[in-house]
Structures are given as structure tokens and as C-alpha cells.
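As they're listed, the protein sequences go chains W and C. According to this note's numbering, the residues represented by the first sequence are -7 to 68, in order. According to this note's numbering, the residues represented by the second sequence are 63 to 336, in order.
Hints in this document: simulated from the structure, not taken from any laboratory. Careful, some of the hints might be misleading.
[As the list claims (entries may be wrong)] Beyond 12 Å from chain C on every Cβ pair, some chain W residues (computed):
(1) 13
(2) 29
(3) 53
(4) 54
(5) 61
(6) 65
[Stated by the list, open to error] Using 30 Å as the maximum straight-line C-alpha spacing, the simulated DSSO-like pairs for lysine-lysine come out as follows:
(7) C:260 x W:37
(8) C:159 x C:328
(9) C:238 x C:206
(10) C:238 x C:173
(11) W:67 x C:260
(12) C:260 x C:159
(13) C:260 x W:60
(14) C:139 x C:206
(15) C:260 x C:173
Because the structure is a prediction, the values reported are computed rather than measured. The beta carbon of each residue, even a glycine, is placed where N, CA and C say it ideally should be.
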Amino acid sequence: MLTPQQIIDTYYLETRCQLLEIAATLDRHDAAAARAGTPAPHPEKLEILRQALALLADSTPTTDRAEKLLIHFAKA
Amino acid sequence: MHIIQPHYHAIARTAQDYERMAMSGVVAVCEPAFWAGFDRRYPETFIDYFRQISEFEPTRAAQYGIRHYSWVAVNPKEAENKALTAEVLQAMPDFLKMPNVLGVGETGLHKSTPNECDALAAHVELAMAHDQLVLIHTPHLSDKAHGTRRTLEILAGLNVKPERIWIDHVEEQTVKSVLDAGYWAGMTIYPITKCSPKRTCDILERYGIERLLVNSSADWGPSDPFTLQECILEYRRRGHTLQDAIEVFHNNPCRFLGQNPKWDIKPISIQTEN
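Please model the entire structure based on the sequences and the hints provided.
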């Protein structure tokens, strides 16, 4: 199995790419809202995504982030 | 639809890539000179490489009905070797006369060292002296923003025609400065690094399509020539018309590259019967 440093070094670029995709998706939404001049009528899924990001931002050591996210997404 | 791959390192790819590209609408590829994965030590190695991409590779592409063009330069990663760079630069004018060589590239910066900056300036001056197009690589990842700023500073100090210069590998943090300075900007789609198909479409929608080029990634590392088709699918899925897509993925390369008379592929428009 990989060491903590190997995990960081192995998955850094891939995770960077995934975060950029999330950022771009949020930008895309906000640009569309600005073009439309009105927010999405049903923004519940967006709020679920934002809550998921908040869950990921917690740096407390744990091994059940993926499980927590799946339970969180089950609310959608 | 007809597609042009403006930045494609064919010698690192298989014949199957050519076959699949031909089956998916690619009509032309352009092959800039590239880093071999190690620093070459002899000018003769570059000269043979330039022969490979200007003489042999067009014959391989032609078997699949694909036009092949190339560019010549010393790669930024090898510009630390000043003597080598000078010797290769001396040999380049002969290749600029070849029927499929479109200009000088990819030159540019990697770590933005003084030697790299000198080599970039020398490449651009050579290109301008021979009335050539220029393709400029910008650095990877965390070096990109600084390297792009340095590139623009160096170009601002030279007597250049911005419309004949293509600054490549722009992303969200660099595209505006390149376009604002009057240059063409290229986005390169890699599986993990540089742009993704979706982010490329975002940039096209945000800045408009004028002076923007889109490349797939095609080299000896983790890359995928069909990221270009993924991007076209994403662009069309967002509601852009077939003609819109042709403007980006076929006609814009024709507009930039057509400044060199060797490039004879013309922009196309779709006509529909009423």
C-alpha cells in the first residue's frame, strides 16, 4: 500500500483536475444565471453540491468521507 | 464534420490514431517540433528530426487522406544549451522553405530562465526575418502564469506582427492577457493537465471564438488525440450549431495558418436547401 506522501504525490494532479472541473461547473452556472438575469428555479441540487464541498473542506482525519458524501447525495 | 488538429506530435503516435482520426473527420494535422523526453546533444539530431516531420511524416498521414504540416524549433527545455540552440537556429531557414513547414515552433518557455528567454527572442526574430508564423509554448502548471507574462514581455520588446503569433496552452488565468495583446491563443486538452473539453467550451463561450484555437493532446506522454472530438461533442451539446463548431475546429485554424500561403485548406460553410 502507498505511504501518505505517495498518496499525495500520486493523486495530486488528478485531484487538481477534478477540483478545476468543479470550479468550472460553478462558474458555468453563475455565468448562465447572469445571462438569464434570474437564478435557477430549482437550485436544490446546487445546494447539495455546495454542502458536499463543505464536508470535504473539513481537514479532521477520517476515512469515511466518500461514505458521508454518498449518504449526503442520497438526499437529492 | 471536417476537423483540423492544429498541434499534433505525430511521430509519437500510431498509425491507428491516423486511421481513427480520418474516420472521425480530421483532414489535417500540424506537427510542431517537440521535446524527445531527453535533452538532445547534437544539432544533427534536430536536423534529422526536422527531416522526419517535414519529409517522412507527411507520407504516413497521406495514407489516411490526412494533410500533414510541421514547424521547426529548439524546444524550450533544451534552450539551456546555448551553443546547440545557435547551431540549430542556423539550420532552420532551410527547413522553412520546405513545402509543408508552416513556421517556427514550438519555441517558448519552460522554467523562464534567462537562456530560455534569449532562445525565445532569437526564434521569434528569425521567424519575423523570414516572414514566418510563430507557435509559442507556455509553461506547465504552476509556472504557466509567470511564463506567459514573461513571454508577453519578451514579445513586447520585439518587432513582431501579433496576428502571426500563436501563444499556446492558455488556460483561464492566461487567455485574456494573450488575446488582449492581439495574439492568437491556443487551448490544449489533456486528460488531466491543461484544459479539459468542458473548460475549453467555457472559455470559448466567455471570450468568443475570435483568435482562439483548440488542440487535442497528442505526444508520447499521457495524452489523447480524441479529446478534440470530445470537445466538439460538448460544444454541440451546449446548443452551438454545426457551423459554429466548424468555425472553431476547422475555420479558425485555416484563418491563422492560412497566413502562410503553403496552407491551402480554406474555411468552409454549411449550406442548407430550403
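Holds or violated: residue 260 (chain C) and residue 173 (chain C), Cα atoms, limit 30 Å. This hinted pair holds, its Cα atoms lying about 28 Å apart.
Beyond 12 Å from each Cβ of chain C, as asserted for residue 13 (chain W): Non-interface label on residue 13 (chain W) violated, nearest chain C Cβ at 6 Å vs cutoff 12 Å.
Since residue 65 (chain W) was said not to touch the interface, does its Cβ keep a gap of more than 12 Å from each Cβ of chain C? Consistent with the label, residue 65 (chain W) stays out of reach of chain C, its closest Cβ about 20 Å off (over 12 Å).
Are residue 238 (chain C) and residue 173 (chain C) close enough, with their CA atoms no more than 30 Å apart? Holds, at about 21 Å.
Verify the proposed pairing of residue 67 (chain W) with residue 260 (chain C), using a straight-line Cα cut of 30 Å. Holds, because 27 Å separates the two Cα atoms, which is no more than 30 Å.
Within 30 Å, alpha carbon to alpha carbon, are residue 260 (chain C) and residue 37 (chain W)? holds (20 Å)
Would you check the hint for residue 139 (chain C) and residue 206 (chain C), treating anything up to 30 Å between C-alpha atoms as holding? Given that 30 Å is the threshold and the Cα spacing comes to 14 Å, the pair holds.
For the pair supplied as a hint, residue 260 (chain C) and residue 60 (chain W), confirm whether the alpha-carbon distance does not exceed 30 Å. Holds. Residue 260 (chain C) to residue 60 (chain W) sits at ~28 Å (cutoff 30 Å).
Looking at residue 61 (chain W) again, its CB stays over 12 Å from all of chain C? Non-interface label on residue 61 (chain W) holds, nearest chain C Cβ at 21 Å vs cutoff 12 Å.
Would you check the hint for residue 159 (chain C) and residue 328 (chain C), treating anything up to 30 Å between C-alpha atoms as holding? holds (21 Å)
Is residue 238 (chain C) within 30 Å of residue 206 (chain C), Cα to Cα? Distance ~14 Å between residue 238 (chain C) and residue 206 (chain C) Cα, so the pair holds.
At 12 Å, judged by beta carbons, does residue 53 (chain W) keep clear of chain C as stated? holds (27 Å)
In this structure, the earlier hints numbered 1 and 12 are contradicted, and the remaining ones agree with it.
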